[in-house]
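Just so you know, the protein sequences line up as chains F and B, in that order.
Sequential numbering from 3 applies to the first sequence in this note's numbering.
Sequential numbering from 971 applies to the second sequence in this note's numbering.
Since the hints were derived computationally from the structure, they do not count as laboratory data.
Backbone N, C-alpha and C define an ideal beta-carbon position, used for all residues, glycine too.
Keep in mind that a hint or two might mislead.
[What the hints assert, rightly or not] Residues from chain B that face chain F, not an exhaustive set, calculated with beta carbons under 10 angstroms: (1) Trp993; (2) Leu1005; (3) Ile1103.
[Claimed, not checked] List of simulated lysine-lysine pairs, DSSO-like, C-alpha gap at most 30 angstroms: (4) Lys97(F) / Lys1087(B); (5) Lys97(F) / Lys991(B); (6) Lys1087(B) / Lys106(F); (7) Lys1082(B) / Lys154(F); (8) Lys1132(B) / Lys154(F); (9) Lys990(B) / Lys106(F); (10) Lys1127(B) / Lys107(F); (11) Lys1027(B) / Lys992(B); (12) Lys106(F) / Lys1132(B); (13) Lys107(F) / Lys1132(B); (14) Lys1082(B) / Lys38(F); (15) Lys1109(B) / Lys1132(B); (16) Lys152(F) / Lys992(B); (17) Lys1082(B) / Lys1127(B); (18) Lys106(F) / Lys1024(B); (19) Lys1087(B) / Lys1132(B); (20) Lys1024(B) / Lys1087(B); (21) Lys1026(B) / Lys97(F); (22) Lys97(F) / Lys1082(B); (23) Lys1082(B) / Lys1027(B); (24) Lys1127(B) / Lys97(F); (25) Lys107(F) / Lys1027(B); (26) Lys107(F) / Lys1087(B); (27) Lys990(B) / Lys1024(B); (28) Lys1109(B) / Lys107(F); (29) Lys97(F) / Lys992(B); (30) Lys106(F) / Lys1082(B); (31) Lys1129(B) / Lys1087(B); (32) Lys1127(B) / Lys106(F); (33) Lys1087(B) / Lys154(F); (34) Lys1129(B) / Lys107(F).
Here's the letter readout for the chains.
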Amino acid sequence: MIYLSLFLQFFHIGLFSFGGGYATLPFLYHIAETLKWYTVEQLSDMIAVSSITPGPVGVNVATFAGFVTSGVLGALIATSAIVLPSYIFVVVISKFLEVYRTNKKVQAAIYALKPAGCGLLAAVGVEMFAQRANFTGCVLLLGLFIVSLKQKRDPLFYLGVSAVFGLIVGVLGLLNA
Amino acid sequence: MLLGGGYVILPLLQSELVEKKKWINSDELCEYYALAQSIPGIIAANTSIFVGYKLKKQLGAIAAILGIITPAFLSIIVLASLLREIVQYNFIQSIFWGVGIGVIILLFLAVKEMWAKSITDRFTCVVFLAAFILSANFKISPAIIIVLAIISGIIYKEKYEKNILRGEDDLS
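With the rest of the complex left out, here is chain F (with noise of 0.2 angstroms):
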């Protein structure tokens, strides 16, 4: 049963993620490795689509991930299940706000949560870049990177500025330099 166990992945992730909408990733990545249920690639462009549309980027993305999977109502699943927990935690919280924000506890969790959650994600990034890289695409990263250190600029800009490039590569023929 496809719908159940979509709906179980996509629970567990709004259940474990901390960290804002890219904290899903590490876990559609392990989907896209375990279950195959879409390929790397897939996910990679279902997140540049996701960054550049409105709406939350980890909303987008589970609602993507749903419907490359099965379709409008696996897209429908996926982005239900991945907000439950989060509808559960804030009425649960709300009854025991005080109880919550001085539990400490609580406080422990998140100070370890945290940092757990960006080391995961840095694993992603870390892994795509191992599956991307050839030399075009180095040097385009490289400028990139540069660009991003001197002034924060939004997602389109550099989606853009990759996209234009690609475009030129691939008009060359330097795809696989």
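For this one, chain F is given, so just place chain B on it according to the hints.
Relative to chain F, chain B alone:
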């Protein structure tokens, strides 16, 4: 409608909910935003659900979820279907080759932002490295790594506090 993910939502909510609609005040918004980052899930969604729940309890929370999901849902379905149609063209593949590199920069920037908010001392640095190495080499489920992080954080804080207490005893 928002572009660019969780971290741009705060100014937008500030102008819409606090200044225009006056549903909540600025302090409440900041508090919800901070809480939203401390629970699992997508920060933008969490913040909206907090605001919805504050205003109209369960019904408000559900309305907030629908409000944040629907635009994303519709635009992604349209784009995803479109993408499926055009992906066979060669030049589209060149574009997505480039975009794949762009995504790596986006990931790098996201890591940088998370790093600034989370790595504050030696312990958090060790947790970062442990999570990175475990997930990069052994293909362990990220959920297991998160659970391990929670456990290690609680144990570390307990030991740390005991040490501080002991230190004070020595002084006196």
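Okay, the hints, checked on the actual structure:
no., hint, verdict
1, Trp993, "16 angstroms, violated"
2, Leu1005, "7 angstroms, holds"
3, Ile1103, "8 angstroms, holds"
4, Lys97(F) / Lys1087(B), "27 angstroms, holds"
5, Lys97(F) / Lys991(B), "25 angstroms, holds"
6, Lys1087(B) / Lys106(F), "19 angstroms, holds"
7, Lys1082(B) / Lys154(F), "12 angstroms, holds"
8, Lys1132(B) / Lys154(F), "43 angstroms, violated"
9, Lys990(B) / Lys106(F), "37 angstroms, violated"
10, Lys1127(B) / Lys107(F), "8 angstroms, holds"
11, Lys1027(B) / Lys992(B), "17 angstroms, holds"
12, Lys106(F) / Lys1132(B), "13 angstroms, holds"
13, Lys107(F) / Lys1132(B), "14 angstroms, holds"
14, Lys1082(B) / Lys38(F), "29 angstroms, holds"
15, Lys1109(B) / Lys1132(B), "35 angstroms, violated"
16, Lys152(F) / Lys992(B), "38 angstroms, violated"
17, Lys1082(B) / Lys1127(B), "25 angstroms, holds"
18, Lys106(F) / Lys1024(B), "25 angstroms, holds"
19, Lys1087(B) / Lys1132(B), "26 angstroms, holds"
20, Lys1024(B) / Lys1087(B), "27 angstroms, holds"
21, Lys1026(B) / Lys97(F), "14 angstroms, holds"
22, Lys97(F) / Lys1082(B), "34 angstroms, violated"
23, Lys1082(B) / Lys1027(B), "36 angstroms, violated"
24, Lys1127(B) / Lys97(F), "26 angstroms, holds"
25, Lys107(F) / Lys1027(B), "27 angstroms, holds"
26, Lys107(F) / Lys1087(B), "19 angstroms, holds"
27, Lys990(B) / Lys1024(B), "17 angstroms, holds"
28, Lys1109(B) / Lys107(F), "28 angstroms, holds"
29, Lys97(F) / Lys992(B), "23 angstroms, holds"
30, Lys106(F) / Lys1082(B), "27 angstroms, holds"
31, Lys1129(B) / Lys1087(B), "23 angstroms, holds"
32, Lys1127(B) / Lys106(F), "9 angstroms, holds"
33, Lys1087(B) / Lys154(F), "17 angstroms, holds"
34, Lys1129(B) / Lys107(F), "12 angstroms, holds"
Checked against the numbered hints above, the structure violates hints 1, 8, 9, 15, 16, 22, 23; every other hint is satisfied.
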